[in-house]
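**Q** Okay, here's what each chain looks like letter by letter:
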Amino acid sequence: MELIAEHHPAATLIRVNASRIDAPNALQFKEEMRTLTGRQDGRFILDLQKVDFIDSSGLGAVVAAMKQLRPGQSLELAALQPIVDKVFRLTRMDSIFAIHDDADQVIATVKD
Amino acid sequence: MPPSRTEASHLLALCLPALDVVTPHLLRRVDHALDGTPAASLRDDTQIVLAEAINNVVEHAYTGSGFGAVAVSVSVLATALEITLTDWGRPVPDLALCEGRPDPTLLSEGGYGWFLIRSLTSETQHVRVGAENRLLMRIDLPMA
Chain V
1 MELIAEHHPA
11 ATLIRVNASR
21 IDAPNALQFK
31 EEMRTLTGRQ
41 DGRFILDLQK
51 VDFIDSSGLG
61 AVVAAMKQLR
71 PGQSLELAAL
81 QPIVDKVFRL
91 TRMDSIFAIH
101 DDADQVIATV
111 KD
Chain Z
113 MPPSRTEASH
123 LLALCLPALD
133 VVTPHLLRRV
143 DHALDGTPAA
153 SLRDDTQIVL
163 AEAINNVVEH
173 AYTGSGFGAV
183 AVSVSVLATA
193 LEITLTDWGR
203 PVPDLALCEG
213 RPDPTLLSEG
223 GYGWFLIRSL
233 TSETQHVRVG
243 AENRLLMRID
253 LPMA
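Here the protein sequences come in this chain order: V and Z. Following our numbering, the numbering of the first sequence begins with 1 at its first residue and continues without gaps. Following our numbering, the numbering of the second sequence begins with 113 at its first residue and continues without gaps.
Don't take each hint at face value.
[As the list claims (entries may be wrong)] Simulated coverage check for chain Z against chain V, where a stretch passes if three residues somewhere in it have a Cβ under 8 Å from a Cβ of chain V:
(1) 140-151
(2) 182-190
(3) 197-206
(4) 244-251
[What the hints assert, rightly or not] With a cut-off of at most 25 Å between alpha-carbon atoms, the simulated SDA-like pairs for lysine to any residue come out as follows:
(5) V:Lys-50 x V:Pro-71
(6) V:Lys-50 x Z:Asp-147
(7) V:Lys-50 x V:Leu-69
(8) V:Lys-86 x Z:Ser-153
(9) V:Lys-50 x V:Asn-17
(10) V:Lys-50 x Z:Ser-187
(11) V:Lys-50 x Z:Arg-140
(12) V:Lys-67 x V:Gly-42
(13) V:Lys-86 x Z:Phe-227
Everything labelled a hint here was simulated from the structure, so no lab data went into it. Remember, it's a predicted structure, so these values are computed and weren't measured experimentally. For each residue, glycine too, the CB sits at the ideal point set by N, CA and C.
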């Protein structure tokens, strides 16, 4: 799985360059998120623009990525595609995470 | 209630290794089979439901026994899409017993699979027949 971190004044953007977060790669996702969020404090936005499928393992891994944050860090989500959006709504995880329509809009709100 | 076999249109039957790396391939095959059928609008729900059902076979039916196979059969009935999964693993508990809705505030990292299946299906039947687990799931077709 490829996660690409970009540092912006508003937040660290983590772009998921994969079409799925599911049973085959959920553990890898969780470990890579641990590495990325271990390097930096503050706000993280997980850009799910390219992710068209998530299963319960992937959902669990996103929850785990939030639980492994330190005080002073936060994890928000952006660009949920239809299946991902449905899984978050059905499990009411959409009430736990701040969810944005577009990651680039969030980082554009604070200029360099 | 028995399925109305006379009106069933059989779309796909396949048998593949029950391995999580194979599951995306199996899901794609089923997704393509639904294209252009009355169940095409159920493609997203089918992907969610089928992924969870197969994960359950991989994680529970074949736990500790290496791996085995899973057979998937997909049919369009008069009012529902019917998906049947068969595996030859150990007996797994009836998912109908797994009632309740996960509490999101507990931040649990698991326990959502059966809930998603129950949320998106109109009917599930889980039976042990000899050495087989058979799971039948139906998703209602949208009203015409």
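**Q** All hints, please: hold or fail.
**A** These are the hints, each one checked on the structure:
Residues of the region 140-151 of chain Z with a Cβ under 8 Å from some Cβ of chain V number 0, which does not satisfy the need for three, so the listed coverage is violated. Under the rule that three or more residues need a Cβ within less than 8 Å of chain V, the assignment of the region 182-190 of chain Z is violated, with 0 such residues. Check result for the region 197-206 of chain Z against chain V: violated, 0 residues qualifying (beta carbon to beta carbon below 8 Å, three or more required). Counting residues of the region 244-251 of chain Z whose C-beta lies closer than 8 Å to any C-beta of chain V gives 0; at least three are required, and the coverage claim is violated.
Our distance criterion of 25 Å between C-alpha atoms is broken by V:Lys-50 and V:Pro-71, whose separation comes to about 29 Å. With a C-alpha separation of about 22 Å, the suggested pairing of V:Lys-50 with Z:Asp-147 holds against the 25 Å cut-off. The hinted pair formed by V:Lys-50 and V:Leu-69 meets the criterion: a straight-line CA distance of about 24 Å does not exceed 25 Å. Taking the CA atoms of V:Lys-86 and Z:Ser-153, the gap is about 14 Å. The hint holds against a cut of 25 Å.
For the proposed pair V:Lys-50 and V:Asn-17, the alpha carbon gap of about 6 Å is at most 25 Å, so the pair holds. Distance restraint check for V:Lys-50 and Z:Ser-187: the Cα-Cα separation of roughly 30 Å exceeds the 25 Å cut-off, and the hinted pair is therefore not satisfied. Only pairs whose Cα atoms come within 25 Å are accepted, and V:Lys-50 paired with Z:Arg-140 is accepted, the gap being roughly 17 Å. Pair hint V:Lys-67 plus V:Gly-42 holds up; C-alpha atoms about 15 Å apart against a cutoff of 25 Å.
The straight-line distance between the Cα atoms of V:Lys-86 and Z:Phe-227 is roughly 13 Å, inside the 25 Å bound, and the hint therefore holds.
Comparing the model with each earlier hint shows violations of hints 1, 2, 3, 4, 5 and 10; every other hint is respected.
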